Structures are given as C-alpha cells and as structure tokens.
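A.B. asks: Residue numbers (the working numbering), protein chains in the order written: chain A, 558 to 1018; chain B, 4 to 480.
Simulated from the structure, these hints should not be mistaken for lab results.
Every value quoted in this text rests on a predicted model; they were computed, and no experiment measured them.
Hints may contain errors.
[Said to hold, decoys possible] Within a straight-line C-alpha distance of at most 30 Å, the following computed DSSO-like cross-link-like pairs (lysine-lysine) qualify:
(1) A:Lys978 / B:Lys424
(2) A:Lys846 / B:Lys159
(3) B:Lys152 / B:Lys98
(4) A:Lys846 / A:Lys708
(5) A:Lys909 / B:Lys98
(6) A:Lys909 / A:Lys647
(7) A:Lys647 / A:Lys708
(8) A:Lys821 / A:Lys697
(9) A:Lys821 / A:Lys647
(10) B:Lys362 / A:Lys846
(11) A:Lys978 / B:Lys201
(12) A:Lys909 / B:Lys159
(13) A:Lys579 / A:Lys701
(14) A:Lys992 / A:Lys585
(15) B:Lys98 / B:Lys424
(16) A:Lys821 / B:Lys352
(17) A:Lys909 / A:Lys821
(18) A:Lys846 / A:Lys608
(19) A:Lys909 / B:Lys152
(20) B:Lys152 / B:Lys24
(21) A:Lys946 / A:Lys846
(22) A:Lys821 / A:Lys946
(23) A:Lys946 / A:Lys621
(24) B:Lys352 / A:Lys978
(25) A:Lys992 / A:Lys909
(26) B:Lys24 / A:Lys992
(27) A:Lys585 / A:Lys608
(28) B:Lys362 / B:Lys424
(29) A:Lys978 / B:Lys362
(30) B:Lys201 / A:Lys946
(31) A:Lys992 / A:Lys978
(32) A:Lys579 / A:Lys647
(33) B:Lys24 / A:Lys909
(34) B:Lys152 / A:Lys978
(35) A:Lys647 / A:Lys608
What follows is each chain in one-letter form.
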Amino acid sequence: MNAIILSALLGVVMMFSGILTKNKSVLKYIAAGGLLLLIAFNVMDTYAIFKFDINSRGLLSFEKFGLYFNTLAFAATFIYVLLSGSDIEKAGINVAEYFALIFFVLCGLSILSGFNGMLMLFLGIEILSIPLYILTGSDKRNLKSNEAALKYFLMGSFTTGIMLMGIAFFYGATGSFTLNALPVIPTTGMINPSFLHVGGLLLLFVAMSFKVSAAPFHFWTPDVYDGAPSVFTSFMATIVKAAGFIAFIRLFQTQAVALGPTWKIILSIVIILTLLIGNITAVFQQSVKRMLAYSSIAQAGFMLFALFSSNDLAKEGILLYSVAYSLATIGIFAVLIKMNDYTFDGFNGLAKSNPVLAFTATIFLLSLAGIPLTAGFFAKYYMLASVIKQGGSLWLVIVALFFAAVSVYYYFRVIQAMYFKDGDAGTAPISGAFKLTLVLLTALVIVLGIFPSIILNGFYF
Amino acid sequence: MIPVLLILLPLLTGIISFFIKEENAAKGWGLLSAVLTLTVAVAGIYFYPAAQLSFDSAWLPSLGSRFTMSMDGMSKMLVLLTAISFPLIFIATYKNQYRNAGSFYALMLLTQAGLMGVFVANDALLFYFFWELALIPVYFLCSLWGGEKRIAVTFKFFIYTFIGSLMMLAGILYMYFQTTDHSFAWQSFYSVQLAPEKQSWVFWLFFIAFAIKMPIFPFHTWQPDAYEQSPTATTMVLSGIMVKMGIFAVIKWLLPFFPAASAQFAQWIILLSVIGMLYASLIAIRQDDIKRLIAYSSIAHIGLMSATLFTGSRVGLEGVMIQMFNHGINVIGLWIVADAIEQQLGTRKFSELGGLAQKAPSLAILLLVMAFANIALPLTNAFIGEFLMFNGLFHYNIWITAVAGISIILAAVYTLNMVQKVFYGNTTTLTSNATDISGNIRIALVILVVLVIALGVYPQPMIDLTKDTVGATMAGK
C-alpha cells in the first residue's frame, strides 16, 4: 500500500514543483529523490517495518512477490531517470508534468502488482495507460507523435471496453470480483466453468495480450513506439510492459484452470505468433528504433513463457527477465536518443567516433540477444528452464530457440554497423556523467549475467 | 588452482591488452601472456600434484551449478595444444600489421581463455558459458580484421554456431531436470539413465551443436569461407584448436550420456562423416587457393576423426586422441606457410605462383615436412593417429574403411599438387623477386617440424597422457 499512496502523492508533488521552480534540471533531481523515497518505503512495506494499512476489503493483497517487483521496477525507473532525465527535459515544454505522469504510471504499476479483484485490475490498467497516452503525444509539434498518441488512445480505449466486458461476464458467471473465484462443484471438487466464465476470461486474455503487445494484438506497438519521443518509448517498452506481465500472470495463475487444456493451446499459438511476427518483422526494419519496437514484441513472446509454465522458476524468471530486459533496453535507448540518425546506417563507425557508446551499446544488444555473460542469458535461461521443468512442451522451447537465433541477426546488425562499417556516426554532445552512468549500467548487466542470484536472493530474503 | 589460472591469465592479460595503444607493445604483451600460459600449463600438468588440477567453488547455488573444473588426460592434452599453439601463432604472425593491435591481441587472448575453459569445465552450464565465450571474440576478430567478404561470412559462421549452441542449451536443460540432485555437474549428468527413445532425440540436440563446430558434412558450409576470410592468426585458432572443441565435446559430453543413441545413430553419422571426407577431398583437388585447400583438407581429416569416434573401438579412440593434437599442430603449420606466402607475395593462388623453392629453400623444406604430415606419411606424427583410426574403422566395417581410404589417396593428390605448383616448376613474374622467410616464421615452423617428427617417431607420451580418458570412455560402453 505504501507504494500506491506515495507514488500518487509524489505525482502531485511533481506537478506542483513545476510551478515553484523554472529550473528544468532541478526537477530531474526531485524525481530521482522521490524514486529513492519510493524504493525505501516499498522496502519498509516488504519487511513490515512501516506500512499504511487501509482495509481494501480484499480487493488488494500484497505479497512478497508483488512488492519485490515494485522495488525492482522503481529501481529501474531510477536508473532510467538518471540516464535519460536530461532527455526528458528536451522532450517538450511541460517537463514537470512528464515526471508527474511517470509517477502516476508507477502508481498504476503498484496496483497491478497487488490487485486481488477485477475492479482493481481495471483501475490499475487505466491508471497505468492514461498517462502513457499523454506521454506518447508529448512532442506536440511532431505529427508522428500526435498520430501515435491518438492511435494508442483509440486502440487502448477499445481494449478497455473489451476488458470491462470480460470483467462483466466474469462477474455474471461467478458473482464475485475476486481473482480466485472459481465455479467448483462441491461434491466432486471438479471445476465446472460456465460459458460466460470462459467467455469473460477469453476477453480478459485479449485485453491483456493487447497491453503486453502479444500477437495478434500487437499492431499498435510499432507505430506507437516509433512515434512517441524515444525517451518515453524506452519507459513504455520496459517497466510498463513488465507491469503488464505481472498483472497478466497474477490474473491467470488461478484462473487458467477454468479454461482447461485449451488454455495451453491458445497460449502456445499466441507465443509462437508473437515470436514469429516480432522477430521476422524486426529483421526487415531500416530504423533501429522501429527494430527495437519489434524486438520488444519478440521479447514479449519470451516473457509469455512465464505465463505458460507458471511455476516457481517462472516467477523467478519473470522478475529476472523484467530486470534484464529493462536494463538493456533503457541502456540501448539512452544511446539511441543521442544519435542524430536512427537508421542502421546512422550507427556506422560509432566505434571510432565514440568507443564508450559503442561498447556499452554492444553489451546491451548482446544482453537482448541472450548471449552468456550478460543478464539477458539468464533471463532467457529461466524462461526456457521453467517450460522444460513443466515438461511436455520441449517443441515450444526449440521453436523459441530458433527465434532467439533469428534475433541475433537484427541485434548484431547494429553491432556490425558500429564496429565493422565506416562512417561518421553523429551524436548529440555527450556528458561525462552520462558516460559514467552508462558504463555502470553495463557493469550491472554483466554482473547480473554472472551472478543472477543477486536479483533472486532479494525475492527470498 | 591450475585450471583457474589457465583461464584467468589470458582473460586478465587480454582485458589489459585492450588499453595498449602501441602496436609492438601489444605484440610483446600478447606473446608474453601466451608464453606464461604455456609455462603454467606445462608446469601444472607435468610437475604439480594432481590435486592442483581440479577446482571447485560455489557459483549459482540456487541453480545447482558450481564452478567446477578438472582435467583428465584428454583435457590435459588439449590444454597443452592450446597453450603451445598460441605462442607459436603469435611468433609466426609477429610481423603482420594490424590496426588496433591492442584490441586484436586482447580478443585473441580472450578466445584462449574461452578455449581453456571449455577444456577444463566439469559443469554443464559452465561449459556452455565458455563455449560461447570462445565464440564471441572470434566473431569480432574475423569481422574486424578479415578479408573483404568478412562481414557476411563471419555472420554466417556466428549464426550457425549460435543455433548449435542454443540447441545444446535446450539439451543441457533437459538433462538437468532429469538429474536426481538437480545439478549441472558432469557426474550427475552421467548418472542419469535415460530411456533409449528419449536418448534418441536429446542426443541430436547435443550432437548438432558439436557437429556444426567440428564441422562434419552437411554442417560444414560455414567453414571454408570463414577460414578464408579470417585473419590468418584467427584461422589458425579456428582450425587448429576450435574444431577440437567439437570432438572433445562429443567424447566428454555426448558419448558417455547417450550410449544407446550413439550406437543407434552410429552408422548414419559414420556414413555422413565418410561422405564428407570424400566430398571435401574432391573439392580440395579443384581448389586454386592455398587457404581454401587447407580448409577442405581439414574437413576431410575431421571427418575421419568423427567417423572413428562412433565405431566404439578402443584403438580408434586412441587414434582420435593422438590425432586431435597432431592435426592441430599440422594445420597450424600449413597456415603459417600459407600466410608467409600471402604476406610476401600478396596472393594465395597456385596459378600465380611457382618455383618458390629456388627462392625460398628453407620454406620449401619446412613446408614439405608439413605436407607429408598432412598426407600422414610414416615418421610424421599424423601417421600413427590415422593408422590407429583406420584400424578402428576397419573392425567396424571394411567397406566404409575402403571408401575412407580413398580420401587418403586424394589427400596425397591435392597436397602434393599444391607443393608442386607453388614450389617447383618455373618462377613466375611474381615469385621471381621472392625472398626466403623471415626469422620469426622460421622459428615457429622449426618448432612445429620438430614436434611433427618427434611425435611421429615416438607417440607414446601422447598415448600415455590420454590413456585414462580412453579407458573411462570405453568402460562406459
């Protein structure tokens, strides 16, 4: 509960701090400080040192897993603000509002990691999404940004409708909003879902697939990610997406049984489609930003494995995957923002003109591709291990591995451009502090690639 | 501690080397590091107590993976091969010019660290880590310092081996969940008793990874291009040592775990290997380029090793062990000659060369010994290995042996053809101004020739060194 209340308060604080100070860079430090406070209070909540306790009548429940996810997400946001804070300042005029919106997104995220009833799921998704619509359109004079925002908003509202319909069906079938409401026959203990129940769950599945951009509900992703100011794409594609997955898993870990064996079939189809469309389309992109948008779809395909296997390893895995993927993506976007030209050719010769940027970008790309010694390897490892542990779906693992190999193709194209091709990759001026943060982030990616237990231990202790 | 030292030494000196700006300093540093590693390897294997050869420490307790290393006879032998090869490669290519020499030597040393790790790791996950660690620097080496088609070719090579690695990862994970103690240790994998029908497809997950690395027909298509386009120093590592990773892995990480599947598919793999031998030999005859000729000849040699591995013959396995080391030495020698010619004359085509023996007599003599070793003439090191392997193959199937034997004849045809066209006959305009080889190449080649003849006359040390691995592998059958 701490995180929900504090992040909402901090959002308001950020909004008003825009009135109090005209100095843009102060806002960044206020936001960073606010995030540290948020982390501290969330940790206190986790260890029951200090917590607000409001009776939510069972609509919210906070377990270690969700709270720990909050901590990780806040920490990732903190790194994001440190790294790209100065680029947020450049995204538009009303800087304070952007930071405020980011805090509101975090509020939605904290609800999603603790919801226990469908109403809270709905609230969380909306609190998470609405600020994103605004952030997407924050570059007001850019037509693409406007288009992306409108598209995102329309599609998003439509999905909200589907989700509400799903919730209504669910309520109609079970007479309850709580997550673990299942129609059990008392005499036999068998689950006997009604048509309404199944229909409701399927509608919820569609809505959640849209939020995490799983195929075939992914069509908004490339346009929105491409149109939004890069600095917000970075946030949307990482922390927000991870929150979507946490909610997805929370929703279906109890409800999946109601769908019976069809659940695994539907999910395998979605996973394969997501991997296929994400990876194959990414191969043909000419713009690195658009490639990263498709690659985020591909990565979502891997994250869906956690939903598929839904065991202990999957829970650990989704945490690790969220962290590894978020760190690498935040890093690569931070580099991308500095580039003058977003096409692959724009990266030509970066290794010569700016070796630090090229080296760090290489590590982030290797991590996204899942090469050992980077965090991304263990992320993929856990996902595959969880499926193999569950048994019976080794074919799915092999399909996923094939697509992991395809992903190497487009990630390495950037590396090839940076190191092996001649050119004069132009970048915006780069400060020493930025480079240092980038190098520290790279070090973190490598350390997590050797000792992933750093992240996972926090889950248990 | 010795295995850790063998990895850390090249790893750390490699990382330092990234920061060396001056070309000669980088070369000196690389050579120094390689010689130090050689000293540690020789001292560790021959003079230190056996207890020093293993290492065990916690790594990822929640996953059941430990930082476990140990060295049996085969890994000792391959560690020695790696340790000997790197100084020789550095000496032979000492005069070659590199842009950013510091980074070049750094990546070479990182490759060495990865190779050492592969040969000593005793934990499947650790093995996988090093398997990849050896690949990544090679990717950068070939793409940055290679020939004109380097980017596409290296990429093909990378994707091929990466797909293989991923399949192996799936296999490793599958095996892991079958172990009773949830561990990645070799011993735990070994004690897994898989039902034959399960073995038959987990086997392929591992085997394809190793087959791509070796490479055996039909997974070999990345190899000639990669060898041709890579900078020669890297080609030497690729063909001299890296292909041994595949054979090593089959002996250590495949045959003991899946005995039933190995027996079941043996005939097909042997057939593929023998087809590959003939195919590669026939193509080698048609080559006009020294590097491509050596590349195809290497496929043929590896094909023989891979065929023999699956015959399940003890003598054959002894032959493979010896030949792993000897092939490494011989092929590096051939590359040194090819590089010496290319560096001096700027071409590798037979048709533009001729009469080099008049101009470079010592190169001609040294090459001739290397060429004889490539044909496995008696008194050269390759003879004993090939003899033992054919012996193993013979007990398996006479017809297969006969077909494989043709490739030996073909080897003589293409190797001697190359020697004749390049070194004898009339000098061309290009070769008329050639001079003899420089001192550093001479040193490297003389060391190699001494090894070739010494091991050809007295191969017993190699047989003794790898006796325990042969025994253990045969006992598992």
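A.B. asks: Do the alpha carbons of Lys909 (chain A) and Lys152 (chain B) lie within 30 Å of each other, as the hint requires?
C.D. replies: Given pair Lys909 (chain A), Lys152 (chain B) holds - Cα atoms ~21 Å apart, limit 30 Å.
A.B. asks: Quickly compare the C-alpha distance for Lys909 (chain A) and Lys159 (chain B) to 30 Å and report which way the hint goes.
C.D. replies: With Cα atoms ~25 Å apart, Lys909 (chain A) and Lys159 (chain B) stay inside 30 Å; holds.
A.B. asks: Are the Cα positions of Lys352 (chain B) and Lys978 (chain A) separated by 30 Å at most?
C.D. replies: Within the cut-off at roughly 28 Å; holds.
A.B. asks: Is the hinted pair Lys909 (chain A) and Lys98 (chain B) satisfied, with a Cα-Cα distance of at most 30 Å?
C.D. replies: Holds, at roughly 25 Å.
A.B. asks: Quickly compare the C-alpha distance for Lys946 (chain A) and Lys846 (chain A) to 30 Å and report which way the hint goes.
C.D. replies: 35 Å, violated
A.B. asks: Can you confirm whether the C-alpha distance between Lys362 (chain B) and Lys846 (chain A) stays at or below 30 Å?
C.D. replies: This hinted pair is violated, its Cα atoms lying about 58 Å apart.
A.B. asks: When you check the alpha-carbon spacing of Lys978 (chain A) and Lys424 (chain B), does it fall within 30 Å?
C.D. replies: 37 Å, violated
A.B. asks: Would the hint linking Lys585 (chain A) and Lys608 (chain A) be met if the CA-CA limit is 30 Å?
C.D. replies: Judged against 30 Å, a Cα distance of about 27 Å means the pair holds.
A.B. asks: Lys362 (chain B) and Lys424 (chain B) were given as a pair; does the straight-line alpha-carbon distance stay at or below 30 Å?
C.D. replies: 14 Å, holds
A.B. asks: Does Lys647 (chain A) lie within 30 Å of Lys821 (chain A) when you go C-alpha to C-alpha?
C.D. replies: Violated, because 45 Å separates the two Cα atoms, which is more than 30 Å.
A.B. asks: Can the restraint linking Lys946 (chain A) and Lys621 (chain A) be considered satisfied, given a maximum Cα separation of 30 Å?
C.D. replies: 23 Å, holds
A.B. asks: Just to be careful, I want the Cα atoms of Lys821 (chain A) and Lys352 (chain B) compared with a cutoff of 30 Å; is the pair within it?
C.D. replies: Distance of about 59 Å is beyond 30 Å: violated.
Of the numbered hints listed earlier, those contradicted by the structure are 1, 8, 9, 10, 11, 16, 17, 18, 21, 29, 35.
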